[in-house]
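J.: Residue numbers (my numbering), protein chains in the order written: chain A, 22 to 287; chain B, 22 to 287.
Treat each hint with caution, since some may be false.
One copy or two, either will do: identical chains are not told apart, so a pair holds if it fits within one copy or between any two.
Under the rule of at most 25 Å between Cα atoms (straight-line distance), these lysine-lysine pairs were calculated in the DSS-like manner [claimed, not checked]:
{"#": "1", "residue 1": "LYS259", "residue 2": "LYS128"}
{"#": "2", "residue 1": "LYS208", "residue 2": "LYS160"}
{"#": "3", "residue 1": "LYS259", "residue 2": "LYS245"}
{"#": "4", "residue 1": "LYS149", "residue 2": "LYS259"}
{"#": "5", "residue 1": "LYS245", "residue 2": "LYS286"}
{"#": "6", "residue 1": "LYS259", "residue 2": "LYS238"}
It is worth saying that the hints were derived from the structure and are not from the lab.
Note that the structure is predicted; figures quoted are calculated from it, not measured.
Number of protein chains: 2
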Amino acid sequence: MFLRRAVIAAGGSAVALFAAVSVGRSEDDSDPLSAGWDSNWDSRASLAKQPGVLRYTEDKYEYHRKEDYKNKSNRHIFLIQHANYKTYTSSDKLTAEGYEQADLTGKRLATLAKGPGMAEKRQAIQFKHIIYSPQTTTKETAERISRHLPGVTMFSSDSLNEGPPIQTSQDPDWKPDLNHLETPFRKYIYRPDPEQSEDTYEIMVCHADLIRYIVCKSLQLPLKAWSRMSLYHGSVTKLVVQQDGNVRLKTLGDAGFMPHNLLTKP
Amino acid sequence: MFLRRAVIAAGGSAVALFAAVSVGRSEDDSDPLSAGWDSNWDSRASLAKQPGVLRYTEDKYEYHRKEDYKNKSNRHIFLIQHANYKTYTSSDKLTAEGYEQADLTGKRLATLAKGPGMAEKRQAIQFKHIIYSPQTTTKETAERISRHLPGVTMFSSDSLNEGPPIQTSQDPDWKPDLNHLETPFRKYIYRPDPEQSEDTYEIMVCHADLIRYIVCKSLQLPLKAWSRMSLYHGSVTKLVVQQDGNVRLKTLGDAGFMPHNLLTKP
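Hey, can you work out the whole structure from these sequences and the hints?
T.: Structure representation (structure tokens):
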């Protein structure tokens, strides 16, 4: 975790430092598949293009050689929509069907870990961790999932809060506040670090608002498209962030492992 | 089918006729959830807003009263990615795992038809039809699915051709040809007809290019986002087109009903 925080801390300065030589809107506008793609969406493209990479180590900034980059590794990010819960109560605990949903999601992830499959590796994979929002619904969902993935570290993150990215009421005093969505996006969604040499598999248990925000933002879609998607309880949305910065959506709201009577929506 | 074709045939003229009174870019720009949404994407918003609706019946155009519109009915469209097939052969027949995948997709759809579930009705539903591209991979996939849905009409449509919406090679002579994607979009993706009083459930078995084009186009996303999504063989992508013209993506590339060893990609 120390290295991760250090890189984040150095991010702002590094971007400023390299502003004069930063890449344009797209790395290669002659390639139609990348046209209009902002290759520097996570502020790391300029770092990757430098002969050396600025990183903060101990108490000083230093360059890492480009050779430190191990190519072809990806980050597989499984975004899990929390299970069904009791509305209109103060507890926000899962319903009986919510516990069933979370169990099925955990079983499905455990199956995938055996590979090959969604992980797209012809070998078993190990989930790196389960990060979850500390709110009751997401915490309970994560705990149920965790039972099926023994040995996988769990930790909560206060930054995974709930909240719509755009105004959904006619309240004239409403002001857009994307910070609570942009903060976890910047913290958790980024291309693999230079030293990452193998694919990683991470689970994030959070709320539909954040998942849809992450999908729109990481695919560089207009945020207004957020409300045009909806997610089943306990469903799996999977993104792959490649080391070259490209992002692929592999599935949105996959709930095909749920029997029909457990397909519920927020 | 006659009525359907008649409406399509009348579409162009109707739009021209109502051009002077057509609605703007959004029906209600004060609603942030619909801001930037082209409510007339299927050229039928202006019809819906008229006191009468122009339709072609027998040999003449005539108006239907607005009261003919039954509200709250939706079109549930299940877009099925064909199963795995033998590449580099002239036959394009499914592989052994392709047949397994198509069988599982059929079983899943049959389960959903029992409701409640993905159909979101607290009752059993009846699929209206299975439309498929006549190419071998899609035809074989549709036939396998059909075995699990006895009584559901099947028909092929030559308009469901394969082909990328944007240039994917550096061929300098390449010209964009969206017709083969736009034609099936206009033919099959539109809001419910005025006389539709109950939700309908339709299955379309086609190719990944067309499914991703339909998703981008119907959610009004930039078409360049097409290549940022990928779909598992036999997966289910579900759109709901509401009578008010709004479109919701309920799942993209759902393959959660496949065991991990059958999760393959084109």
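J.: Which numbered hints turn out to be false for this structure?
T.: When the structure is compared with the hints, none of them turns out to be violated.
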